[in-house]
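Given the sequences, and given the hints that come with them, work out the whole structure.
Just so you know, UniProt numbering puts the end of the first sequence at 892, numbered straight through with nothing missing.
Simulated from the structure, these hints should not be mistaken for laboratory data. Careful: at least some of the hints might be erroneous.
[What the hints assert, rightly or not] DEER-style ranges, computed between Cβ atoms:
no.: 1; residue 1: Gly785; residue 2: Asn13; range: 17 to 25 Å
no.: 2; residue 1: Lys243; residue 2: Ile500; range: 45 to 53 Å
no.: 3; residue 1: Asp186; residue 2: Ala120; range: 44 to 52 Å
no.: 4; residue 1: Leu874; residue 2: Ile775; range: 51 to 59 Å
[Claimed, not checked] Pairs of lysine to aspartate or glutamate, DMTMM-like flavour, derived with a Cα cap of 25 Å:
no.: 5; residue 1: Lys236; residue 2: Glu342
no.: 6; residue 1: Lys128; residue 2: Asp109
no.: 7; residue 1: Lys806; residue 2: Asp827
no.: 8; residue 1: Lys604; residue 2: Asp170
no.: 9; residue 1: Lys615; residue 2: Glu522
no.: 10; residue 1: Lys4; residue 2: Glu582
no.: 11; residue 1: Lys442; residue 2: Glu453
no.: 12; residue 1: Lys715; residue 2: Asp827
no.: 13; residue 1: Lys889; residue 2: Asp844
no.: 14; residue 1: Lys243; residue 2: Glu311
All C-beta atoms in this analysis are idealised placements derived from N, C-alpha and C, irrespective of residue type, glycine included.
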Amino acid sequence: MLEKKFNPSAVENDLYHLWEESGFFSANPEQKDKKPFAIMIPPPNVTGTLHMGHALTMTLQDTLIRWRRMQGYDVLWQPGTDHAGISTQLVVDRKLSEKGIDRKSIGRDKFIKHVWEWKAESGGEITKQLRRLGASLDWKRERFTMDEGLSEAVKKVFVTLYREGLIYQDKRLVNWDPVFRSAVSDLEVESKEVNGHLWYIHYPIENSDQIITIATTRPETMLGDVAVAVHPENAKYKHLVGKNIVLPLTGRLIPIIADEYSDPEKGTGAVKITPAHDFNDFEVGRRHDLKLITILDESAAIDISELSENEKTEFVLSLAGLPRDKARKQIIAELERLEILEKAELHRNQVPHAERGGAIIEPRLTTQWYCDAPTLAKPAIEAVQTGKIKFVPKQWENTYFAWMRDLQPWCISRQLWWGHQIPAWYGPDNHVFVAYDENEAKEQAFKHYGKEEILRRDEDVLDTWFSSALWPFSTLGWPNDTAELSRYYPGNVLITGFDIIFFWVARMMMMGTHFMKDIPFETVYLHGLVRDEKGQKMSKTKGNGIDPLEVIDEFGADAMRFTVCALTGPGRDIKLGKKRIEEYRSFITKIWNAARFCEMNEVKYDPSFSTNDVKLSLNRWILGELSQAITDATSALEAFRYDEYASVCYHFTWDKFCDWFLEFAKAAFQNEDQTIVKETRAVAALVLKTLLQILHPVVPFVTETLWHEFNFGQKGTLMVSSWPDATPFATVKTKESSEEIDWVVRFISDIRTLRAEMNVPPAKFISAYLKDANINTLHYATIWGDAIKRMARVDSIEPLQGDLPKDSAQTIVNEATVILPLAGIIDIDAEKVRLNKELDKIADELTKLNTKLSNENFIQKARPEIIEESRERLTQLTHDKERVELALKHFK
RNA sequence: GGGUGUAUAGCUCAGCGGGAGAGCACUACCUUGACAUGGUAGGGGUCACAGGUUCAAUCCCUGUUACACCCA
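Here you go:
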């Protein structure tokens with residue numbers, strides 16, 4: 001016997017372990033008779049804990065994976081985690097400082113040892129949590145971006161790209177995080193608008209009493225000014241071009257130059273140029289061959305070492321070592337004292353901030369490793385243009401193109417300790433040797449120098465995204481030629497959030513097309529973000545997040561999964577509150593209760609039962625509906641329409657199976673004719689079994705539980721059962737049965753409506769008469785008598801003999817009029833109102849239809865089937881109108 | 001400043017060139033032998049606004065407004 005209530009927490013762990021231990025999650029490249037289907041998990045940070053975003057993306061992936069597995073594919077869902085450079089380093093750093101250990105004092109090697117120890121202890125948290133979701137990942141193949149094989153792949157890629165000239169060192173401005181003291185890529189910088197000032201400063205012109213006023217938001221960088229730029233067409237300043245400025249504070253002589261970068265409309269139209277501390281100024285400097293003077297150190301404090309001796313005035317010396325904001329205050333005060341600060345305006349500044357950590361980013365001149373992304377992007381762009389890779393929803397392709405066509409070189413080196421150390425060594429003269437290992441580097445050095453030299457390894461590590469870019473092939477064993485690689489590359493679909501298109505998706509496409517000479521996946525499905533009920537982004541700081549593990553504890557994994565699926569429309573963020581999950585939990589309960597009802601009525605699976613034997617209309621009808629549901633569910637999944645898939649499951653289960661089939665079956669189960677009872681039981685079992693199968697991908701736990709409770713298969717085997725085929729159910733003759741069931745449904749519904757509107761107490765059974773009913777209708781009324789009586793609460797259904805009883809309510813079902821004698825109950829005025837309302841509605845419709853049909857243009861130009869349809873509706877409505885009018889006449 | 005998306009019932013969202021839909025919420029009634037996490041019935045919408053195309057527009061096109069996001 002099934003428990004009265006479904007208790008998810010009692011079954012989830014057991015079932016999951018059973019599945020995992022049975023090896024059902026495992027891909028097998030040797031299964032040549034099966035087609036492969038592969039999805040690479042977006043590797044969560046090894047430091048991560050499960051949040052709603054994971055719950056969303058993993059549910060969508062698992063649903064697809066389970067469905068394809070049932071369809072008979074050899075499915076690989078590749079799990080793993082990302083070493084997450086900065087995050088992990090920070091986590092371990094914090095742990096160590098709690099113990100009073102300073103990272104720098106123990107040195108790099110010891111620190112990295114600590115990180116690995118931390119990973120061994122706490123790194124598996126997220127993978128345990130993914131199991132709670134029911135995610136059917138192939139855990140035996142779990143990988144880590146820092147494990148040996150993947151590190152090999154990283155090295156191979158780096159060395160190869162270097163030798164191809166696609167990785168190189170360059171000294172240029174880079175986004176510098178002065179807190180982490182590391183370079184970061186353009187993508188990791190977000191510009192934020194903050195309140196600041198625009199300062200107007202007088203710059204005196206050499207050998208003259210004239211001045212030029214420049215406007216700046218960053219006066220502290222004036223120590224590094226090397227020019228003042230004006231627009232070449234700017235009449236106000238044209239004559240000054242070529243003259244020199246005596247730069248305040250340092251006394252440096254700098255030229256006034258003409259450059260279109262200077263916008264005459266902004267500030268004063270004259271701008272100071274500081275090429276070592278501003279990306280635009282850097283370009284100006286390059287065009288005019290200006291000197292680069294760095295005046296900030298790696299922590300963004302004033303550094304005057306590049307200033308010449310005579311520039312180091314007493315004031316300038318006093319600035320040395322000051323953080324940039326303090327230096328700014330000092331300089332402003334000094335300019336005021338010198339009376340060359342004209343004014344300060346309030347100003348909204350765009351200030352670059354580090355996405356991680358939030359530090360204000362400082363453009364900084366350093367030597368870094370770069371990857372030639374623009375070149376690698378070309379085949380990746382082409383793959384989308386030619387349709388080899390498709391984005392779903394398609395509009396993301398535009399975003400992708402826009403970004404890919406305007407790529408900057410990708411800065412791939414980071415000044416961190418945790419990560420893939422760059423395989424580059426330097427000789428005493430800083431000549432660089434890129435090699436697989438130190439021995440190879442030494443060989444190169446020997447050839448280069450003609451003797452052995454001591455080499456120093458590059459300290460830097462690679463951007464975390466560099467290794468994740470290789471994920472689709474590095475996890476499969478590349479650079480070795482493995483069975484997995486040839487079978488599961490390219491993957492079928494990548495499912496992830498749109499927020500990492502550039503970080504991850506695009507880079508996998510670049511690396512994949514370059515190294516594998518083939519796309520990494522055929523389809524990119526991009527889902528939205530999970531937001532709270534109000535549409536706010538969930539975040540730790542706001543505290544508006546929902547913990548998926550709490551949700552699972554409270555409502556069960558199935559409820560959460562179904563909710564996520566149901567809410568995942570195309571190209572939309574999803575707004576999620578606990579309330580929504582609670583709502584959809586009712587659906588899980590409904591499935592459970594429907595199953596309990598079946599069990600109580602001795603619904604049992606009969607493998608020998610064939611759908612060809614089905615005789616009863618009710619049974620033929622539900623099989624037809626089931627066939628439709630299978631078709632719809634399948635095509636919804638094929639189109640990544642998770643909302644539609646959920647909706648098909650929901651409505652078939654609730655509206656068709658529970659509300660009508662099981663309700664009608666109540667009468668059938670009580671029938672004296674045992675063949676009827678037997679057939680209905682067998683069909684109920686078949687429908688329930690199939691229903692569990694189409695529901696399984698999204699709600700695996702409740703379905704798998706019912707699967708073995710009903711003995712549809714051994715415990716845990718639903719997930720490897722075959723995805724149902726709609727055809728055998730569709731071949732059961734269902735058309736006539738549909739007409740019949742549709743009639744009964746309409747008949748019952750209409751009587752219910754009448755009863756409700758006439759306020760007939762539910763407990764009261766009434767009589768029903770049929771007027772003008774044809775022979776079919778009368779036949780239906782007879783054979784469905786029991787069900788109708790129970791469900792519409794009538795005690796007799798008979799053809800009307802003689803006159804219309806007094807005080808009757810009437811309604812029209814197809815050709816017949818249904819008459820309910822309600823003497824003593826009916827409120828005649830209310831009935832008149834109701835009928836008149838009905839009449840108005842029909843009249844409105846008729847007017848519209850008549851106008852349309854008398855329009856010659858419509859008759860000439862509209863599609864014939866539309867015209868035919870309109871004519872049919874006109875006939876039907878005219879008929880209905882007559883009936884209602886007749887009913888009204890009765891009261892006169 | 002450039003780009004993308006969204007605007008449909010009180011809320012959250014589907015939909016579609018030809019009769020406005022779902023879930024929840026709401027109202028009324030019902031503890032009928034699976035389920036009150038339930039059942040039955042009902043109310044509720046100028047499909048953001050303004051033009052255009054069309055026999056026909058909530059749907060296609062243009063513009064406007066509002067909101068969200070991305071890029072600079």
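Each hint, compared with the structure:
For the pair Gly785 and Asn13, the supplied restraint of 17 to 25 Å is violated, since their beta-carbon distance comes to about 50 Å. In this structure the hint that Lys243 and Ile500 lie 45 to 53 Å apart at CB holds, the actual value being about 51 Å. Between Asp186 and Ala120 the Cβ separation comes to about 35 Å, which falls outside the hinted range of 44 to 52 Å. Hint check: Leu874 to Ile775, Cβ distance near 26 Å, so the stated range 51 to 59 Å is violated.
Proximity of Lys236 to Glu342 is assessed by CA-CA distance (about 18 Å); at most 25 Å being required, the pair is judged to hold. Distance hint between Lys128 and Asp109 is unfulfilled; the C-alpha atoms sit about 29 Å from each other, more than 25 Å. Annotation: proposed proximity of Lys806 to Asp827 holds, straight-line Cα distance about 12 Å (limit 25 Å). Distance check on the hinted pair: Lys604 and Asp170 sit about 73 Å apart at the alpha-carbon level, beyond 25 Å; violated.
Restraint check for Lys615 and Glu522: not satisfied, since their Cα atoms lie roughly 46 Å apart, outside the 25 Å limit. Distance check on the hinted pair: Lys4 and Glu582 sit about 19 Å apart at the alpha-carbon level, within 25 Å; holds. Annotation: proposed proximity of Lys442 to Glu453 holds, straight-line Cα distance about 8 Å (limit 25 Å). With a C-alpha separation of about 59 Å, the suggested pairing of Lys715 with Asp827 is violated against the 25 Å cut-off.
Restraint check: the Cα-Cα separation between Lys889 and Asp844 comes to about 20 Å, which is no more than 25 Å; the hinted pair holds. At most 25 Å may separate the alpha-carbon atoms for a hinted pair to count; Lys243 and Glu311 meet this at roughly 20 Å.
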